[in-house]
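Undergrad: Listed below are the residues making up each chain.
Protein chains: 2
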Amino acid sequence: MAKENTTIYIILGLLNHEDLSGYDIKKRADYMIGSFWEIGYGQIYPTLAKLEQEGLVTKRVSEESKGPERNLYAITGAGREVLTQWLKVPEQKEYTKYEILLKLFFGSLVPVEESTKRIDAFKVRHTENLKMIEMFKANLQRVMGEDQDHLFFYITVLFGERIYNAYLEWADEALKLLQETPEKGQEPS
Amino acid sequence: MAKENTTIYIILGLLNHEDLSGYDIKKRADYMIGSFWEIGYGQIYPTLAKLEQEGLVTKRVSEESKGPERNLYAITGAGREVLTQWLKVPEQKEYTKYEILLKLFFGSLVPVEESTKRIDAFKVRHTENLKMIEMFKANLQRVMGEDQDHLFFYITVLFGERIYNAYLEWADEALKLLQETPEKGQEPS
DNA sequence: TTGAACATGTAAGCTGTTACATGATTTC
DNA sequence: GAAATCATGTAACAGCTTACATGTTCAA
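From first to last, the protein sequence lines stand for chains A and B.
Per the numbering used here, the first sequence starts with residue 4, numbered consecutively.
Per the numbering used here, the second sequence starts with residue 4, numbered consecutively.
Be aware that a few hints might be false.
Which copy is meant is left open, because identical chains are indistinguishable; a pair holds if it fits in one copy or across any two.
BS3-like mimics (lysine-lysine), calculated; alpha carbons at most 30 Å apart, straight line [said to hold, decoys possible]: (1) 140 / 62; (2) 30 / 62; (3) 96 / 30; (4) 53 / 91; (5) 53 / 29; (6) 140 / 91; (7) 179 / 96; (8) 179 / 91; (9) 29 / 96; (10) 53 / 30; (11) 120 / 91; (12) 134 / 179; (13) 134 / 30.
It should be emphasised that the hints constitute simulated quantities derived from the structure, not laboratory data.
Whole structure, please, built from the sequences with the hints as guidance.
TA: Right, dumping it as structure tokens:
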């Protein structure tokens, strides 16, 4: 029966807050959930069409005079129903694919520098991510309490913070271990 | 051009160590890389056939008299070449999908208990995972130094340890925040 | 003898990525 | 005038999951 399409619920969840275009949805999703779930236009537009067909959202053309034409989508009662049903069901387990760990796992086939370079790049990437998360967090802390939703957003931001910190701590630990280890098979016997 | 098939390299990497059957590969992969990359039989057997066709592995029938028939696969020189080439290329960024965070993010639509139940279950799951990782780690520490490969395995185990700990710390933090927050819209005005 | 584990596969079908295609508008 | 951003989509296709199908061997 293949995988269940989670994109549906992301779109419904965002539309539950306010009417949005496909482009807006991408923006919002990148910003708010991008650190743990990415979606692309290639999923958004077709899913939106499917949701409209099923009567879970309605489409209208935005009346703004300026800018290119925008299709604005709104959630329907049926859509809200589908969304809340989904929220009442236990989630599937998380899904992670770390190519860096695979490459490290098989790392004995290439010079150690390959592995250290890899980890260095990983650190740079996630130092950046952590910085962004900390900004979100600071912004959120200022507006917390205004809206119940902020608490839930905050909780997901805390998750990102923990994870990125764990990444960075691990990276340093791994680099230290690699530096301590003498390269094998290079010294004269 | 769609995604690149990483399963190929996992199989080649495992075969680089020793000859294995499809069934063995699944076992090894579950045990050694299962915490950050899962593969199923539905990927393994077809990929094995493809790799054989391309001359990256060879297949022979195991001669053991006991047990069901086993197809044993061995990596070829060409296969080893493909594997090391892959190891020299920088990896793509990691890929994560946390359905639990999505459900929490949209959590204001359902009673808070839904969210706390979710996090409780998450904790149980990862307490279990952490326990397993700690066992691997202890085992590995006993044999470290015997083989260069162990260091790389150890590094991936440390990753799992950090991540699972981060999960659990976050879960407690999130639960605390949810408990502190009074349920909205329930009290009489 | 029943169930768990060993062992190998196929088929269906969604998911998600990447590339392509197009055009308006705003900003520098 | 060029580049970036806004904006909406389609097509191809690989990847991966799930379910199905089948049969053996070993242990309780």
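Undergrad: Next, verify each hint and record whether it holds.
TA: How the hints compare with the structure:
1. 140 / 62: neither (34 Å within a copy, 54 Å between copies)
2. 30 / 62: The answer is within: 18 Å in one copy meets 30 Å, while 49 Å across copies does not.
3. 96 / 30: So residue 96 and residue 30 pass the 30 Å test inside a copy (26 Å) and across (20 Å) alike.
4. 53 / 91: within (23 Å within a copy, 42 Å between copies)
5. 53 / 29: Only inside one copy: residue 53 and residue 29 sit 17 Å apart there, 37 Å across copies, limit 30 Å.
6. 140 / 91: So residue 140 and residue 91 pass the 30 Å test inside one copy only (27 Å; across, 37 Å).
7. 179 / 96: Close across copies (22 Å), not inside one copy (32 Å); limit 30 Å.
8. 179 / 91: Result: close only across copies, 21 Å inter versus 45 Å intra.
9. 29 / 96: both (24 Å within a copy, 19 Å between copies)
10. 53 / 30: Within one copy only: 20 Å inside, 39 Å across.
11. 120 / 91: So residue 120 and residue 91 pass the 30 Å test across copies only (10 Å; inside, 44 Å).
12. 134 / 179: both (23 Å within a copy, 24 Å between copies)
13. 134 / 30: within (19 Å within a copy, 39 Å between copies)
Violation of the numbered hints given earlier is confined to hint 1; every other hint is satisfied by the structure.
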